[in-house]
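Number of protein chains: 2
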Amino acid sequence: MKEFIIKANKAVTNGEINLKDLPGSSGRLDLLCRCVNSAFFLSHDMRRDTIFYSVNYGSPNPPVALKFVGSELKRVSPDERSIALFIKKALEKDASDLWKESTSGIYSSKREFRDIISEKKSEGKRIFYLHLNGKPLEDFEFKDDEDFLFVLGDHIGIGDEDEEFLEELGAEKISLSPLELHADHCIILVHNILDRLK
Amino acid sequence: MKEFIIKANKAVTNGEINLKDLPGSSGRLDLLCRCVNSAFFLSHDMRRDTIFYSVNYGSPNPPVALKFVGSELKRVSPDERSIALFIKKALEKDASDLWKESTSGIYSSKREFRDIISEKKSEGKRIFYLHLNGKPLEDFEFKDDEDFLFVLGDHIGIGDEDEEFLEELGAEKISLSPLELHADHCIILVHNILDRLK
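Chains as they are written, first to last, in numbering that gives the first Met the number 0: chain A, 0 to 197; chain B, 0 to 197.
Extracted from the complex, chain A is given alone in its bound form (with noise of 0.2 Å):
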């Protein structure tokens, strides 16, 4: 199982979303709808070995966490617009503590970034955190039976605190490229190390 989770800065945290918008007033959402698209789309097939976290801490209501189960993703299209329409609905359920499901396989929750990770690393998920400075790719070994969480940045960046708080928790930083990429970037580069080492 391949998991990715994105620390959202900006991103909206109710439904009042402008889909002429998605960069400005929603706060990036065009790059967290790229990043479901990065995550799933294969063409003509969905990967199903997949699961997409977004955390967004843009207002008016933050933290709202975001999950995509690629098992149960139903009539998602890969365009921005449509993957923003179905986040819409799943932003204007009321988040709690516990998951809530708003179209098949896309929930809700009122929950940290943080403490997404730390349930990962506790079900024995192997953590990598993405950064240009990290070691590069080749300095690492995956294997094709691991179970791995990746954990991306957006624009902005998770910040010095989480930083601190994934190396405490022993994640591994690793870099894709010289260059800094976008996150749904990232997704595609790490699908397909995996994808090969079939």
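Please keep in mind that the hints were generated in silico from the structure rather than gathered at the bench.
Keep in mind that a hint or two might mislead.
Straight-line alpha carbon distances no greater than 30 Å define the calculated BS3-like cross-link-like pairs of lysine-lysine that follow [to be verified]:
| id | chain 1 | residue 1 | chain 2 | residue 2 |
| --- | --- | --- | --- | --- |
| 1 | B | Lys-120 | B | Lys-142 |
| 2 | A | Lys-88 | B | Lys-172 |
| 3 | A | Lys-73 | A | Lys-9 |
| 4 | B | Lys-87 | B | Lys-73 |
| 5 | A | Lys-172 | A | Lys-109 |
| 6 | A | Lys-87 | B | Lys-87 |
| 7 | A | Lys-142 | A | Lys-197 |
| 8 | B | Lys-134 | B | Lys-92 |
| 9 | B | Lys-197 | A | Lys-197 |
| 10 | A | Lys-92 | B | Lys-124 |
| 11 | A | Lys-172 | B | Lys-99 |
| 12 | B | Lys-92 | A | Lys-19 |
| 13 | B | Lys-120 | A | Lys-197 |
Per label pair, the in silico range of CB-to-CB distance [said to hold, decoys possible]:
| id | chain 1 | residue 1 | chain 2 | residue 2 | range |
| --- | --- | --- | --- | --- | --- |
| 14 | B | Ser-95 | A | Asp-143 | 50 to 60 Å |
| 15 | B | His-43 | A | Glu-91 | 29 to 39 Å |
| 16 | A | Lys-73 | B | Asp-143 | 37 to 47 Å |
| 17 | B | Asp-146 | A | Pro-135 | 18 to 28 Å |
| 18 | A | Ile-192 | B | Gly-14 | 39 to 49 Å |
| 19 | A | Lys-120 | B | Asp-114 | 48 to 58 Å |
Treat the numbers as computed from the prediction; the structure is a model and nothing was measured.
Glycine included, each C-beta is placed from N, C-alpha and C at the ideal position.
Please arrange chain B on chain A, whose structure you already have, making use of the hints.
Frame of chain A, contents of chain B only:
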């Protein structure tokens, strides 16, 4: 210099683009927009060493070729809607034999998919055709100072005739993944291979 070209079998060939329905009535224009995103956008930067071509064969006026020149692009944002607005402006112009600029770095002309590929071949570029059944990535060697053209298909593919054309031209058929990927995801993988040569 890295160049990419996609044959967009169904993509619209005039400016009548419904921004609320890029996948349907505009002939998978969402995919084209994401290809432009993948070709040029870095986190807080753009790839100035890249050119992307799309040759649209949808109605009402095929073919129309679009050219995006990284070193000249201005004001384009990475989201699909923003990119679609620039494509709309380019497609509103009557296309002729010569490349006509609509906005900075974006050009259109009346020209066939094969003609552009032949032109690149005669300029001495190394031509790759990305395909699930190509030889695996590991079998190829890339050099940082080479000039490349990567040929991509959409959800329909480029068709038998164009495949034969590429074979006769001596294009190298390469597979990036054991899974069938979207063209925009392939662009990310190609960039990463070349970035890591540096």
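We went through each hint and held it up to the structure:
no. : hint                              : result
1   : Lys-120/B - Lys-142/B             : 17 Å, holds
2   : Lys-88/A - Lys-172/B              : 43 Å, violated
3   : Lys-73/A - Lys-9/A                : 27 Å, holds
4   : Lys-87/B - Lys-73/B               : 16 Å, holds
5   : Lys-172/A - Lys-109/A             : 27 Å, holds
6   : Lys-87/A - Lys-87/B               : 27 Å, holds
7   : Lys-142/A - Lys-197/A             : 9 Å, holds
8   : Lys-134/B - Lys-92/B              : 40 Å, violated
9   : Lys-197/B - Lys-197/A             : 28 Å, holds
10  : Lys-92/A - Lys-124/B              : 53 Å, violated
11  : Lys-172/A - Lys-99/B              : 46 Å, violated
12  : Lys-92/B - Lys-19/A               : 24 Å, holds
13  : Lys-120/B - Lys-197/A             : 35 Å, violated
14  : Ser-95/B - Asp-143/A: 50 to 60 Å  : 53 Å, holds
15  : His-43/B - Glu-91/A: 29 to 39 Å   : 32 Å, holds
16  : Lys-73/A - Asp-143/B: 37 to 47 Å  : 44 Å, holds
17  : Asp-146/B - Pro-135/A: 18 to 28 Å : 26 Å, holds
18  : Ile-192/A - Gly-14/B: 39 to 49 Å  : 41 Å, holds
19  : Lys-120/A - Asp-114/B: 48 to 58 Å : 55 Å, holds
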